[in-house]
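Those sequence lines, one after another, are chains F and Z. The opening residue of the first sequence carries number 1 in this note's numbering; numbering runs sequentially from there. The opening residue of the second sequence carries number 1 in this note's numbering; numbering runs sequentially from there.
Derived by calculation from the structure, the hints in this document are not laboratory data. Just so you know, not all the hints are guaranteed correct.
[To be verified] Okay, derived cross-link-like pairs now, EDC-like style, lysine to aspartate or glutamate, Cα gap no bigger than 20 Å in a straight line:
id, chain 1, residue 1, chain 2, residue 2
1, Z, Lys71, F, Glu200
2, Z, Lys57, Z, Glu234
3, Z, Lys27, Z, Asp65
4, F, Lys186, Z, Asp223
5, Z, Lys144, F, Asp198
6, F, Lys186, Z, Asp65
7, F, Lys212, Z, Glu110
8, Z, Lys168, Z, Glu142
9, F, Lys186, Z, Glu234
10, Z, Lys166, Z, Glu74
11, Z, Lys27, Z, Glu234
12, Z, Lys70, F, Asp198
13, F, Lys212, Z, Glu74
14, F, Lys212, Z, Asp108
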Amino acid sequence: MKGRYEDENLTWIPILIVGIFLLPFVLKGLTYSYKYYLFVLNMAGIYIILTVGLDLLSGYTGLISLGHAAFLAIGSYTSAILVDQVGIPFVFSLFISPLIVGLFGFIIGFPALRITGMYLGLTTMGFGFIVKRLIIAFREWTQGAGGLEVSFPIIFGYTFKSDWDNYFLISAFAILAVVVSRRIGKSKIGRAFMAIRDSEQAAEASGVNLAKYKMLAFFISGIFAGLAGVLFAHTSHFISTDHFDILLSIYFIIMVLVGGASSIYGAVLGTLFIVLLDYLFVPEMKGWIQEFLNIEGGDIQSLLFGLIMFLFIIFQPTGLYGMWLKMRIYWKLFPFNPKKKFI
Amino acid sequence: MADLCINNIRMQFSGVVALDDVSLSVKESEIFSLIGSNGSGKSTLFNCINGFNRPQKGSILFGNDDLLKKKPHEIIRCGISRTFQNVQNIPFMTVLDNILLGAHHRIDPESTVKRWLSQKQRAAEEVMGLEILDFLGIVNYEQKYMAGQPYGIQKLTEIARALVGKPKLILMDEPAAGMNDQETYEIAKIISEIRDELGITVLVVEHDMSLVMSISDRVCVLDSGEVLALGKPEQVKTHPDVIRAFLGDSADA
């Protein structure tokens, strides 16, 4: 018998990957401010690594986490301390730090065996506060609230100094994260995760060990967040507790939801959407709107961001990925569906 | 021999005695039906076998395994799978993935890792599900998402998910609930085929009497947590206690 995936068209994937690596050259040719765009894209890339892991936890398994900024923080500080103070090469830290964060995820997974939904959200949020306090408390390692300077990433003697260099490092890992998380999501593990979300009874009757798989979800999610943390610390050269706010955790959940929960591509699209909105479109629109309304100052940026989010959730509850699927069906049926809406 | 032996089970939910001293045994490759009014303890008995409920007294043996010592997720490794009264499918997974969920214990970590690396392994995994789909005759549905599928397909998917784990005994909780006559007839045919072609023992809870009487080898009537009658369908149908319990006392009339 024939497998289901044999006739799936996958040629667009290598084209996309080549496109990702050519993008900086295109940007450089098009505009003078390409460095800022690369900075924004690097940020998006780091967040993508985290949100695909968060999608496996919150989207697939249905365990809401409002503490992912804390996982990112642990990854960042662990790597910064290991590389700069203990003296481990960056390449090893790339493997060790995510594992350490994964173990933290494992610990946070314990309460998740008993509590679900909003209560788990609150518990993980509490974890976020604790981590922030602890980082400030361990002053001799982390320099407290003052922040910590971090060295450049060095891989096999090559130092990644600028946003241009970092772009290639980050996008390589982002592609790896997307591929790995998709493989996990499409295998027996992903099926068990989704079964836990939708029907714990069906999952148990099918032989899924609930405790083991819930812990595994936290562990995997922690590893992704840890990897994002390592890259974040070394590519931004400076980390402080201010960055790893509760608001950042909420942004991560929004990224997953806007993209469409339980789809890895959705998480990628959602992250790109939010980051580009936050760093590029809203600042562009801000000036225009201030001129139009004839007002000065005020926090127009957050207002606009909130408004767009609000409208998006109301009109596109299936997220960006759902939007894409609907568009694809529209073009498939194209001339024969005049009454159907485009999106 | 893999017989299911239920000995003197007593299950009490605080004040309510759901099962009181129930004993019965299901022999290998027979179709055994449990009937009874609502609240008579049929589903509770299923949940006890499945490990969702822990009876206070008694024992449940399947072959050499003591099921009361197993956790719910270990039951399927003993060779017992089940379907649910209200369909428990995963809506945002395809029909094939829903079925492959049941093959969870058949796929070892090694083949999962191999599957991540090669397409061939992936196809090998899917063949497990496609075989069962073929057996049930719903092959064209495998790529469709579970959400929005007709009720009959959802019910069949549940049965397929229970079958793909290669069980020796399958527990079916109201397989024909909410189905029309045509679909009920098909379910009856499928249940007989599961026993005849795959050699799987079937323990079924059902309210549709024509279905129960036509396919069962033996029938057990439960009433308020106690076994009222047990035997061949014809015997049970004419059993005085059963008639008294379900139709009223004919002696007074």
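- Of all the hints given earlier, name the ones this structure violates by number, lowest first. 2, 4, 6, 8, 9, 12
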